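K.L.:
Line by line, the protein sequences give chains A and B. Letter 101 of the first sequence, counting from 1, is numbered 101 in the working numbering, and no numbers are missing. Letter 123 of the second sequence, counting from 1, is numbered 831 in the working numbering, and no numbers are missing.
Honestly, the hints are just simulated from the structure, not real lab data. Take these hints with a grain of salt, some might be off.
What the hints assert, rightly or not - Straight line, CA to CA, 35 Å or less: simulated DSBU-like cross-link-like pairs of lysine-lysine:
#1 B:K843 <-> A:K350
#2 B:K755 <-> A:K549
#3 B:K789 <-> A:K549
#4 A:K415 <-> A:K15
#5 A:K562 <-> A:K516
Said to hold, decoys possible - Partial list, derived from the structure: chain B residues whose beta carbon lies under 10 Å from chain A:
#6 T751
#7 R752
#8 V822
#9 A856
Predicted model only: the values in this text are computed from it and were never measured. Note that the Cβ used here is the ideal one computed from N, Cα and C, for glycine as well.
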Amino acid sequence: MDVSQYLEIFLDETKEHLQNLNTQILELEQDSENMDTVNEIFRAAHSLKGMAGTMGYKRMQNLTHDMENVFSEVRNGNIKVQPGMIDILFQCLDALEGYLAAIQETSDEGTNDNENLIKALNDILNSKGGSVEAPKKEEAKEEAPAKEAQAEAKADAPASGSKEKWQEIKLTDTEKDLYAKAKEEGQHFYGITVYIQESCILKAARAFLVFKALEERGEILLSKPSTQDIEDEKFDFDFSLIVVSKDSFDNIREAIKSVSEIEDAFGRELTDADFGGSVEASEEKTEEAPEAKEETHVAAAPKAPATTDNAAKAGDKKPVAKPVVNRTVRVDIEKLDVLMNLVSELIIAKNSLVSSTSSDDTKQNSNFNEQIEYLESVTTNLHESVMKVRMVPIESVVSKFPRMIRDMQKSLNKKMELHMSGEETELDRTVVDEIGDPLMHLLRNSADHGLESAEVRKERGKPETGNIYLDAYQDGNNVVIEVRDDGNGIDVEKVRDKAISRGTITPEQAENMSDKEIIDLLFLPSFSTKEVVSEISGRGVGLDVVKSKIEALSGEVEVKSKLGEGSTWTVRLPLTLAIIQALMVVVGNEKYAISLGSIQTIEDISPSEIKLVQNKEVIQLRGSVIPIIRLSNVVEVESTKSPEDNLVVVIVKKGDRLAGLVVDELIGQQEIVIKSLGKYISKCKFISGATILGDGEVALILDANALI
Amino acid sequence: MDELRTTTNEHDTTQYIVIKIGEEQYGINIAFVDNIVRMQHITRVPKVPAYLKGVINLRGIVVPVMSLRLKMGLEDDEITKATRIIILKNEAAGTIGIIVDEVKEVITLDNEQVEKVATTDNSPDHVNFVQCVGKCGQDLVSILDLNAVTIEKE
């Protein structure tokens with residue numbers, strides 16, 4: 001079978017399952033008695049096995065199969081969860097990830113059989129489990145729901161109550177009429193619920209084959225979910241049908257079961273009772289129809305609630321954690337980019353409309369202006385919605401960190417714990433994809449450099465287990481991710497000495513540098529203070545990579561540290577990349593945009609207030625000394641203002657540093673779409689991009705951060 | 709088969725857009741031309757080489773524009789009604805516009821009509837913009853080597 005078209009789905013789903021397994025096994029390590037977790041793991045492993053099998057990845061299937069066996073023994077209480085076992089399981093997950101990576105690149109799983117892992121798994125089974133023989137999954141699965149069914153649906157259809165979901169199908173008058181007629185013609189009505197194997201990936205195709213088989217023998221009256229939904233695969237692993245046929249029920253059931261990948265079919269022949277007692281009553285229909293309908297409902301009522309209840313419970317137990325109705329759509333990110341571009345164009349067009357109306361002084365009819373305002377609000381909402389579509393929770397990146405910290409705990413021989421909050425914070429997809437590595441670097445850094453060993457911690461009167469915190473939250477137009485530890489903090493003197501010994505700075509320079517400036521040296525390329533180069537960090541690549549990566553996303557990273565108490569790394573990222581609010585200014589005769597996010601205030605300064613400090617121009621503003629930068633010098637144009645005029649100074653902020661940018665004129669605030677300048681003009685550091693104004697002109701965006 | 713192929717190859721033709729810079733005529737392989745637009749407002753970009761005139765808005769895309777004259781070491785452009793910006797598409801280097809004095813016509817040259825020219829100047833600073841010359845009737849058209857024109861010297 002050619003399965004290449006499903007490869008992408010397979011990769012996506014396998015990744016999800018693996019992530020799920022990682023999380024669950026971590027949980028299991030904490031609480032080895034939790035049966036819910038064990039069940040969840042079992043299900044994920046089982047689905048993995050099924051998927052790998054369908055795609056023909058035998059090695060992957062074998063490995064997951066053995067994992068599944070171990071879990072099923074755990075579930076049956078034959079094996080107790082032990083630390084050694086958790087380690088082996090994690091190794092298995094890594095091996096599976098290896099397969100997955102190989103598949104992603106070559107669509108082949110490779111040749112590594114991972115025999116040692118399989119052996120280890122079998123050892124677990126043999127030593128503790130007694131019987132290696134894995135119990136058949138169906139048995140185990142059926143037991144639970146069946147028991148519940150017995151307990152709760154005593155009165156009605158005890159043993160198979162939960163299986164016969166077809167009873168939920170509502171029979172209407174039409175069916176009643178048909179039933180009456182069919183009975184006269186010697187036909188039988190059957191209610192059937194068909195279960196498809198959970199490993200099946202072409203559910204709709206199987207359902208279609210079932211339909212075809214049935215149509216050869218009779219007629220399908222009703223189905224639940226609807227035929228359309230079944231064709232679209234909008235169903236779990238079962239569907240129910242009402243069938244009319246001359247054949248016996250057993251024949252029909254055999255016909256269904258002959259379709260491959262069908263697990264089973266349950267049902268029975270419908271009797272008068274199913275149609276609300278008397279069929280004759282319904283024959284005199286028309287005017288009394290509504291009432292008759294009511295009756296049917298009431299008659300069906302005692303059954304329906306019980307069965308739905310059970311069905312719901314049975315549904316909960318289903319291995320695949322898919323919601324019954326799939327409400328999400330996977331969309332190619334490129335399509336979203338196109339949409340985003342179109343929205344950007346729309347905003348530009350809107351801006352040009354706005355500017356053309358405001359430039360006309362003549363009183364235009366107010367209706368036109370109203371419509372423009374309406375258009376403005378619609379485009380803003382549209383933009384927000386499109387942005388939201390592109391937003392994904394950072395959970396997808398951070399969820400792998402607990403596992404990483406756990407592994408490092410062993411390799412570093414330190415006790416530590418990771419506390420995370422704000423995993424649901426959303427960021428643009430492109431940012432989320434890129435942010436994983438920098439965060440991982442920071443966490444490793446905290447674990448390796450930050451936290452002390454257990455003995456040292458004890459001496460210092462700290463709890464032996466070190467804590468690392470990862471907190472994410474939204475702050476205005478930014479998302480802030482903080483990596484915090486309660487370790488040693490950064491030893492400024494050590495960094496200073498190192499910097500001098502490496503020749504990064506001269507001793508004289510070091511004298512004049514503040515602690516903060518020294519700490520910032522850590523972000524320079526190839527600067528690592530850790531004496532012992534460990535596997536985890538300390539190769540001197542890391543912090544500079546972190547910094548450049550985050551800056552490439554137009555974010556910034558800062559560190560605050562207190563010796564002996566720990567350090568906090570703060571990563572600040574823009575919520576959106578494409579469209580920002582900006583202040584438009586004029587320098588010389590050229591228009592420039594400055595991102596509103598970095599602007600603190602705008603000041604009117606008389607030339608006499610400018611003082612010289614170390615030959616640099618500064619102003620005093622509310623007690624702080626702020627250096628000023630004349631933009632006309634930076635962009636190399638003649639200022640249109642005479643030296644005696646008051647200066648318009650835009651105060652911008654980078655971290656906790658301020659600077660004043662002197663501009664000639666202010667135009668106002670505007671929503672701008674950021675466009676790249678292209679490869680030719682990339683050398684200009686303080687220009688972060690360009691935007692197209694309402695009149696079609698291009699204006700450059702000044703990167704205030706690069707100017708300070 | 710092989711014979712057929714070689715004979716067709718010999719008669720392969722290429723279309724060139726003929727532009728004028730000063731008194732000289734140059735040809736640009738039409739395959740690399742995305743668009744030809746009239747002169748429009750160019751937004752200057754600070755701190756870039758002088759021949760990079762700035763950027764323009766090409767239907768919502770910001771495209772850098774360079775002066776072919778300045779790049780070739782001639783005097784600055786004199787903007788007239790005939791001045792055009794030719795937008796070139798180059799996989800490796802991205803989209804770029806070049807300013808030319810005039811766009812004359814499109815010619816079709818047989819590959820036989822195009823001859824390689826050997827450069828006489830071998831100094832390392834010298835960039836050779838012209839690799840071949842095409843013969844179009846009585847006129848000679850220097851075919852621009854677009855890679856040499858568009859790729860930045862480091």
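K.L.:
If a hint holds in the structure, say so; if it doesn't, say that too.
P.N.:
Evaluation of the provided hints:
Proximity of B:K843 to A:K350 is assessed by CA-CA distance (about 51 Å); at most 35 Å being required, the pair is judged violated. Note on B:K755 and A:K549: the hinted pairing holds, with a Cα-Cα distance of about 24 Å set against a maximum of 35 Å. For the given pair, B:K789 sits about 46 Å from A:K549 by alpha-carbon distance, which is inconsistent with the 35 Å threshold. Taking the CA atoms of A:K415 and A:K15, the gap is near 29 Å; set against the 35 Å cutoff, the hint holds.
At most 35 Å may separate the alpha-carbon atoms for a hinted pair to count; A:K562 and A:K516 meet this at roughly 11 Å. The closest approach between the C-beta of B:T751 and any C-beta of chain A is roughly 4 Å, which is under the 10 Å cut-off, so the hint is satisfied. At its closest, the beta carbon of B:R752 sits 7 Å from a beta carbon of chain A; the interface hint therefore holds under the 10 Å criterion. Given the 10 Å rule on beta carbons, the hint for B:V822 is violated: about 28 Å separates it from the nearest Cβ of chain A.
For the restraint placing B:A856 at the interface with chain A, the shortest Cβ-Cβ distance is roughly 15 Å, beyond the 10 Å limit, so the hint is violated.
Consistency note: the structure conflicts with the earlier hints numbered 1, 3, 8, 9.
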